[in-house]
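Could you put together the complete structure from these sequences and hints?
Protein chains in written order, with the working numbering: chain A, 1 to 389; chain B, 1 to 597.
A portion of the hints provided could be inaccurate.
What the hints assert, rightly or not - Straight-line distance between alpha carbons at most 20 Å, and here's what the computed PhoX-like set of lysine-lysine pairs gives:
1) Lys262(B) - Lys196(A)
2) Lys385(A) - Lys358(A)
3) Lys174(A) - Lys262(B)
4) Lys327(A) - Lys108(A)
5) Lys315(A) - Lys108(A)
6) Lys174(A) - Lys154(A)
Read the hints as simulated data drawn from the structure, not as lab findings.
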Amino acid sequence: MNRTLLLFIAFIPLNSFGQALKIGELNSYKVFPAFLEPYKKGMELAVEELNSASAKFVELVVRDDGGTPGDAVRVAEELIARERVNLLMGTFASNVGLAVSNLAAQRKVLFLASEPLTDKIVWENGNRYTFRLRPSTYMQVAMLVPEAAKLKKKRWAIVYPNYEYGQSAAASFKKLLAQAQPGVEFVGEQAPALGKIDAGAVVQALADSKPDAIFSALFAADLQKFVREGNTRGLFRSTAVFNLLAGEPEYLDTLKDETPDGWWVTGYPWTEINTPEHRRFRDAYQKRWNDYPRQGSVVGYTAIYAAAEAARKAKSRDTEKLVEALKGLQMGTPFGAIQWRAVDHQSTMGAYVGQLAKKNGAGVMVNWRYADGAKFQPADEEIRKLRKE
Amino acid sequence: MTSSAVLLQLLNGLAGASSLFLVAAGLSLIFGVSRIVNFAHGSLYMLGMYVAVWLSGRVGFWAAVPLAALAVAVLGACIEASLLRRIYRAPELLQLLATFALVLLARDFALWAWGPEDLLGPRAPGLAGAVEIAGQAFPQYDLLLILAGPLVFAVLHFVLTRTRWGVLVRAATQDREMASALGVNQRWLFTGAFTLGAALAGLGGALAIPREPASLGIDLALISDAFVIVVVGGLGSIPGAFVAALLIGVIKAFCIGLGYSKLTLVAEFVVMAIVLILRPWGLLGRPQAEVRGTWTEVPIGRLSKRGAIAIALLALLLVVLPSLPDQYVLVLATDMLVFALFAASLHLLMGPGGMASFGHAAYFGLGAYACALAALTLHWSTAAALFTGWGAGALGAAIFGWFCVRLSGVYLAMLTLAFAQIVWSTVFQWDAVTGGSNGLVGIWPEEWLASRTAYYYVVLMVCSYAIFLLWRMAHTPFGYALRASRDSPLRASALGINVRAKQWESFIIAGSAAGVAGALFAFSKGSISPETLSVQRSVDGLVMVLLGGAHTLTGPVWGAAAFTWLQDTMARSVEYWRAGIGAVILVLVFARWRFSA
Chain A
1 MNRTLLLFIA FIPLNSFGQA LKIGELNSYK VFPAFLEPYK KGMELAVEEL NSASAKFVEL
61 VVRDDGGTPG DAVRVAEELI ARERVNLLMG TFASNVGLAV SNLAAQRKVL FLASEPLTDK
121 IVWENGNRYT FRLRPSTYMQ VAMLVPEAAK LKKKRWAIVY PNYEYGQSAA ASFKKLLAQA
181 QPGVEFVGEQ APALGKIDAG AVVQALADSK PDAIFSALFA ADLQKFVREG NTRGLFRSTA
241 VFNLLAGEPE YLDTLKDETP DGWWVTGYPW TEINTPEHRR FRDAYQKRWN DYPRQGSVVG
301 YTAIYAAAEA ARKAKSRDTE KLVEALKGLQ MGTPFGAIQW RAVDHQSTMG AYVGQLAKKN
361 GAGVMVNWRY ADGAKFQPAD EEIRKLRKE
Chain B
1 MTSSAVLLQL LNGLAGASSL FLVAAGLSLI FGVSRIVNFA HGSLYMLGMY VAVWLSGRVG
61 FWAAVPLAAL AVAVLGACIE ASLLRRIYRA PELLQLLATF ALVLLARDFA LWAWGPEDLL
121 GPRAPGLAGA VEIAGQAFPQ YDLLLILAGP LVFAVLHFVL TRTRWGVLVR AATQDREMAS
181 ALGVNQRWLF TGAFTLGAAL AGLGGALAIP REPASLGIDL ALISDAFVIV VVGGLGSIPG
241 AFVAALLIGV IKAFCIGLGY SKLTLVAEFV VMAIVLILRP WGLLGRPQAE VRGTWTEVPI
301 GRLSKRGAIA IALLALLLVV LPSLPDQYVL VLATDMLVFA LFAASLHLLM GPGGMASFGH
361 AAYFGLGAYA CALAALTLHW STAAALFTGW GAGALGAAIF GWFCVRLSGV YLAMLTLAFA
421 QIVWSTVFQW DAVTGGSNGL VGIWPEEWLA SRTAYYYVVL MVCSYAIFLL WRMAHTPFGY
481 ALRASRDSPL RASALGINVR AKQWESFIIA GSAAGVAGAL FAFSKGSISP ETLSVQRSVD
541 GLVMVLLGGA HTLTGPVWGA AAFTWLQDTM ARSVEYWRAG IGAVILVLVF ARWRFSA
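Set out below in structure tokens:
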């Protein structure tokens with residue numbers, strides 16, 4: 001713990017190269033504002049911290065990518081060609097992340113994908129220039145599976161938004177749970193369109209399949225509709241529910257007194273994490289913004305530090321040197337120490353696994369523990385095969 | 001499905017249908033009277049939700065519902081009186097452009113006023129729980145919704161058939177010129193219809209808050225549903241909207257109940273395509289009365305000498321563009337050229353063809369995907385892949401156009417939208433071939449064309465040649481025949497012109513040009529995803545054409561360049577850039593209409 005703390009706070013003079021490290025950040029700020037406004041605040045906090053330690057070490061250029069891959073590629077080109085940034089960072093939706101990652105490989109520019117969850121960005125479509133910070137869909141599913149297997153429920157129903165994130169979450173869950181608990185049955189599957197769930201009908205159809213437990217990858221407005229209908233119709237009374245991401249303040253806070261008790265989720269119980277590194281981050285964030293940190297805040301904050309640490313290790317602004325520096329880089333984060341895996345360029349940042357509960361009319365996470373991302377990975381062999389290296 | 005499951009899914013469908021009906025009824029009413037395709041109707045619904053959530057924290061849910069409806073009604077009246085009233089006589093769907101600008105403004109306003117997080121409203125006091133039906137729990141509130149639809153329908157029906165105002169509305173819906181000639185004050189009628197329509201949207205939104213959170217994306221998600229219902233039911237027909245809402249609500253609930261939830265993505269558009277092919281005026285609609293003589297289009301002139309010189313100078317400038325030190329200019333210019341071709345191809349349909357297409361992105365996307373697949377899986381050369389895109393766009397347009405030219409006006413536009421959505425959802429779900437929602441990655445031109453400069457020249461050559469051909473077409477015998485078919489189908493066929501065949505040909509030509517644009521787009525971005533053929537892209541195309549002027553020859557090209565540049569600049573320099581674009585579009589709409597009037 002002490003070592004992480006040291007890494008985190010004690011900067012050697014960073015700015016020994018004269019020029020600032022220019023980070024070009026692009027994200028869908030007006031499409032996913034609930035996640036990205038706190039994310040931006042996290043980034044700005046990190047930049048201020050770094051620059052107060054050594055004058056103008058990091059320069060951050062932020063752009064709105066319009067939320068579509070076509071626009072995002074143009075914005076990334078602008079950052080590369082006109083702003084001449086040292087590296088690209090950001091993106092939210094998986095298709096945008098993949099498009100920018102693909103451009104980064106073509107133009108040979110480092111791309112630090114902070115948020116997109118798709119497995120493909122580090123596996124099938126992985127490339128030398130792309131690194132990803134957040135735990136992938138696969139990792140987060142893998143974190144929930146041990147708890148799911150413990151319950152020994154036989155009949156499972158699955159519900160997920162109908163696009164790549166939901167599809168791969170469902171596929172990974174089925175595969176991993178069947179391995180952990182042979183003989184498990186999947187009795188119902190619902191894939192409503194993203195943002196357009198017809199919650200009444202979906203809850204009804206799930207109930208009709210008489211499951212013992214439900215795995216859900218719903219989030220945002222879909223999740224809220226699902227929870228309210230499920231509560232009214234008594235779907236959750238006798239079924240255990242596992243829901244990816246539902247413990248993140250971005251999604252949990254909107255549920256308020258509807259928060260269902262006992263659901264297993266991945267998330268971020270920001271009030272209760274009292275490790276020194278997290279306390280430091282939380283205090284600084286609250287002091288700077290007069291607001292509490294969300295999951296996005298941690299991601300934005302950590303992404304900036306990752307870029308800074310890479311530059312420090314590389315002692316250069318050169319792309320190839322930055323890439324080599326990021327491979328295997330160890331660094332501190334509000335969640336504890338992480339490593340950037342050389343094999344697939346995925347960071348080992350984890351997530352918190354726990355159960356939902358209501359406290360004073362608001363949702364909180366209880367019985368939580370930190371799931372270290374390093375422990376929820378497929379074998380290196382499998383990954384190499386996927387990356388075709 | 002057991003019989004109790006069937007019953008409950010039926011009830012679910014009915015509850016969903018009610019809220020859709022409220023919105024669709026308002027939309028239908030507004031269209032019927034004023035012929036305005038109100039894009040902002042979903043935004044009014046969204047504002048109704050936000051206002052209701054906000055108010056229910058202060059005055060309680062039951063008081064918040066009528067107040068929210070009232071607030072949205074007042075807003076609707078203001079919009080009508082201050083904005084739309086000025087452009088009723090404007091040609092070529094300019095009103096649609098204005099309401100699109102309102103969508104952008106409303107979304108950023110909601111973000112500014114209520115923040116980015118979704119707001120889940122309270123449960124309805126007194127109806128918070130569930131009742132037992134056939135052994136299963138069913139929300140009490142949904143029973144209220146099931147009743148609300150028919151109730152509102154009955155009230156509307158009464159107002160429209162038994163009151164003087166209703167008679168006037170129906171008269172104007174059927175023949176607005178005649179109504180005006182008989183001394184009906186159209187101003188008040190239009191304001192009234194728009195206000196009532198807005199109130200219904202606000203009411204629909206307010207009634208929805210116990211079931212779903214107020215969120216920023218709801219506007220566009222809802223407007224396409226509402227359009228579909230209005231068109232399936234028949235434009236301007238309230239009973240039609242009611243039947244269509246029930247039909248689609250129940251079909252969707254059963255898709256889910258039977259385990260085909262993935263079909264909900266496309267079910268309504270399949271229904272719409274089938275209905276329009278079998279019944280061109282919708283289920284209960286009547287053929288649209290012709291609007292007489294409000295606007296006669298001046299024939300498109302040939303390029304003036306001065307215009308030709310200006311274009312030659314521009315071409316020269318474009319050729320020397322790569323010598324600028326800023327390489328990003330090339331990237332932006334590439335996008336502008338691609339979208340200029342896209343807009344020019346749409347213009348062939350909208351201008352000389354007189355057929356508004358709401359689904360032009362389909363051909364753009366088909367071209368992009370065909371080109372990407374040729375390059376990625378078949379490893380064809382860049383040139384061959386570009387030709388594949390051309391062919392795919394033409395083929396898609398040939399198939400869809402064959403059905404579309406049998407319709408006209410808004411029905412035709414909506415059928416193009418239905419086909420585009422069917423293509424979109426196929427691409428979105430066909431993982432094995434199209435890569436699903438993530439799309440296809442790694443589509444770059446061959447090594448010698450891969451640099452920004454080299455590829456820019458490819459795009460410049462292809463686009464300027466294609467645009468030149470499209471422009472020239474306006475003054476070929478084909479172009480004259482097409483325009484004759486638009487201006488007077490009757491006289492044109494008397495002259496021996498096969499009107500449908502000409503229109504079909506124009507579809508194929510426009511589709512192939514859009515396909516080329518899509519293929520060029522794919523190679524310039526290196527990747528494509530279903531977003532390439534989304535509604536949003538079709539709408540962008542419409543905006544570009546309307547911004548430049550559908551009744552001019554070169555306008556759409558300037559419109560495309562201006563819109564692309566505006567988006568690029570606004571997104572970089574303005575915090576609320578959507579609202580910024582909306583405001584600029586509004587200003588341009590009024591300036592253009594002033595100018596041309």
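Practice problem: Any hints from earlier that this structure breaks? Give me their numbers in increasing order, please. | Solution: Per hint list: single violation, 2.
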